[in-house]
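Under the numbering used here, the letters of the first sequence match residues 136 to 628, in that order.
I should point out that these hints are in silico values taken from the structure, not numbers from a laboratory.
Values in this document were obtained by computation on a predicted structure and should not be read as measured data.
A couple of the hints might just be wrong.
[Claimed, not checked] Calculated cross-link-like contacts (lysine to any residue; reagent style SDA-like; alpha-carbon spacing at most 20 Å):
1. Lys325 - Lys392
2. Lys627 - Gln547
3. Lys389 - Ala456
4. Lys387 - Glu371
5. Lys234 - Lys193
6. Lys613 - Met628
7. Lys613 - Thr475
8. Lys551 - Asp514
9. Lys193 - Asn527
[Unchecked claim] Derived DEER-like restraints, expressed as beta-carbon distance ranges:
10. Gly269 - Arg225: 22 to 30 Å
11. Arg139 - Gly217: 15 to 23 Å
12. Ala573 - Glu626: 21 to 29 Å
13. Gly610 - Asp478: 22 to 30 Å
14. His229 - Thr438: 42 to 50 Å
15. Glu529 - Asp495: 33 to 41 Å
16. Asp396 - Pro485: 41 to 49 Å
17. Glu490 - Asp623: 25 to 33 Å
18. Glu529 - Asp396: 51 to 59 Å
19. Lys234 - Gly269: 16 to 24 Å
20. Asp433 - Pro560: 24 to 32 Å
21. Asn450 - His564: 45 to 53 Å
22. Leu251 - Pro485: 19 to 27 Å
C-beta: ideal position from N, C-alpha, C; glycine also.
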Amino acid sequence: MTSRPIRTRFAPSPTGRIHIGNARSALYPFLLARHLGGTFLLRIEDTDQKRSTPEAEKELIEGLRWLGLKYDEGPDIGGPHGPYRQTERRAIYHEYAWKLVVSGHAFPCFCTSQRLEQIRQEQQKNKQNPRYDGVCRNIAPEDARRRVESGERHVIRFKMPKEGSITATDLLRGPITTENASLDDSVLLKSDGLPTYHLAAMVDDHLMQITHIIRGSEWLPSMPLHIHVIRAFGWEEPVFAHLSVFLKPSGKGKLSKRDKDEAMKDGHSTFLGDMKELGYTPEGVLNWIALMGWGVADGDVMTLDQMIQRFNIDNLTPSPAAVNFQKLDHFNATHIRLLTTPDLAARIKPYFLKEGLEADNDTLLKIVPLIRERLVTLDDCIAFAAFFFRENVEPNPADLIAKDLDAASCAQIAKKMREILSSLPSLSHAEAEPPMRAYVESSGYSPAQVFGILRVAVTGQKVSPPLFESMEIIGREKVLERLEAAIDLLEKM
RNA sequence: GCCCCCAUCGUCUAGCGGCCCAGGACGAAGCCCUCUCAAGGCUUAAACAGGGGUUCGAGUCCCCUUGGGGGCACCA
């Protein structure tokens, strides 16, 4: 099976917002294909007409683009094995479902959902496994055919062998043997003419020549069915790898919708759309999710290209992983520091614009080196650097008073600084710092006290990028204006 | 209820019988640097779930228990 050209796929159903679970299900097959020089494709599994929406498909595609997981074939770009949207492949599924009926591996079932629901309830009441009771299994093929042709509503079910067992191999877990008796006569083709996942995915993976099926572990229990289907058709079996689920940060229980909303409250989210909004970078997100389920020996900070180089499907891990947002923050901050100055400048610009601040490229380029290692998320740029673009700052008066000093002495210090700074032709870092240091030295105050007053006066905040570098960017005129305003404030106290 | 899967520091993980008194990363603690906050450097605490086997030797193989997770739809 590995002699075939490598082809992998991401096959989501467009039923909701794209989240980190989806992202990781796309990432690994992408990495495998790229690492091995194979092909990676996107297939939309929209056979659930009740839940699938075009908006969800759009968000899926946008999410993949944001992450940089480029696919070689897909619904929006086409390819040699299309169409790549399952609702556009109805005829194919119909044909293959009937092939199984003809070969005796499947049968039409005319049971109503009401009856099915009823027997399910009875079975549960009797503590039996809910499953199909097989009444349509033994309808004579001729009769069945006639009823179908007369237009009677029906589904097609897989005719699961009553005896024997089947061994299916998961790459991460090894062979798993299942008794056929514990398997059900699952529906392959629904009465609306569309296939269920069990048929659609297997048919498509075969037709699209997929060599590695990488998917979530919720599919592990149905892998035996899938192997049965594949064998019934006589097809070559792909490699199966089931990724474990993401657990809540506490490690108790899987990540649910509720946890996702909960996370949003403290500035985190597991939805890609939100994460972008919150200032997370594709690099950070990708690195974070890559390592939940992929064990690398060392050097865990990687760009997508580095992941492609190092990826090895054998290093995927089968155990569930609890999400850890602190780690996301770490990877995000790390990747931000790795960006070039122009790149980072371009990425933070929208956040300033959104605040109504006219961030010009020249200033942005000068600011980036000052704030780069202070940003955890891109939107932190507002907290650290908005003052560069504001006309004036409005410091909290109390912040202007240095530790262990009173307003009067702080005012004196501020005036002295104004005297020194205004005597300088420019406030470049190189020109302004030495005389200020000399003043601190002679004044008997500590650098923290003196520079603390200056910082608050000039930036309006207690925490800021390096002071002298910042003043250089703000410019002499504005710095002196702001200092003046601070002196006024201090004198009124 | 039934079936299946998983199990190394708080978290993500390395380890594929001797290289392990278990390594890395995040987080935590301390120190250094320092105009704030970061970044950076150094250091510390922190794990093989429990019990049986197999073996000269087990974190590594087998079994049981416990814990956790997933699945049992005309949803994917």
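A quick look at each hint next to the structure:
1. Pair hint Lys325 plus Lys392 does not hold up; C-alpha atoms about 28 Å apart against a cutoff of 20 Å.
2. Distance hint between Lys627 and Gln547 is fulfilled; the C-alpha atoms sit about 13 Å from each other, no more than 20 Å.
3. Pair hint Lys389 plus Ala456 holds up; C-alpha atoms about 9 Å apart against a cutoff of 20 Å.
4. Annotation: proposed proximity of Lys387 to Glu371 is violated, straight-line Cα distance about 39 Å (limit 20 Å).
5. Taken as a hint, the Lys234 and Lys193 pair is broken in the structure, with Cα atoms around 34 Å apart against an allowance of 20 Å.
6. As the CA atoms of Lys613 and Met628 are separated by approximately 23 Å, the hinted pair breaks the 20 Å bound.
7. At most 20 Å may separate the alpha-carbon atoms for a hinted pair to count; Lys613 and Thr475 exceed this at roughly 29 Å.
8. Between the alpha carbons of Lys551 and Asp514 the distance comes to roughly 36 Å, so the proposed pair goes past 20 Å and is violated.
9. Proximity of Lys193 to Asn527 is assessed by CA-CA distance (about 43 Å); at most 20 Å being required, the pair is judged violated.
10. For the hinted restraint 22 to 30 Å between Gly269 and Arg225, the CB-CB distance of approximately 27 Å keeps it satisfied.
11. A beta carbon spacing of about 19 Å between Arg139 and Gly217 agrees with the range 15 to 23 Å that was offered as a hint.
12. The beta-carbon spacing between Ala573 and Glu626, approximately 25 Å, falls within the hinted interval of 21 to 29 Å.
13. Look at Gly610 against Asp478: about 26 Å separates their beta carbons, and that is inside 22 to 30 Å.
14. Distance hint check for His229 and Thr438: the Cβ-Cβ separation is about 45 Å, which falls inside the suggested range of 42 to 50 Å.
15. For the pair Glu529 and Asp495, the beta carbons lie near 22 Å from each other, so the given range of 33 to 41 Å is not met.
16. A hinted range of 41 to 49 Å is violated for the C-beta pair Asp396 and Pro485, which are about 25 Å apart.
17. Checked against the hint of 25 to 33 Å, the C-beta distance between Glu490 and Asp623 comes to roughly 27 Å, which is consistent with it.
18. For Glu529 and Asp396, the Cβ-Cβ distance of about 35 Å falls outside the hinted range of 51 to 59 Å, so the restraint is violated.
19. For Lys234 paired with Gly269, a C-beta distance near 22 Å keeps the hint of 16 to 24 Å intact.
20. For Asp433 paired with Pro560, a C-beta distance near 52 Å fails the hint of 24 to 32 Å.
21. In this structure the hint that Asn450 and His564 lie 45 to 53 Å apart at CB holds, the actual value being about 48 Å.
22. Hint check: Leu251 to Pro485, Cβ distance near 53 Å, so the stated range 19 to 27 Å is violated.
The structure is inconsistent with the numbered hints 1, 4, 5, 6, 7, 8, 9, 15, 16, 18, 20, 22, although it conforms to all the rest.
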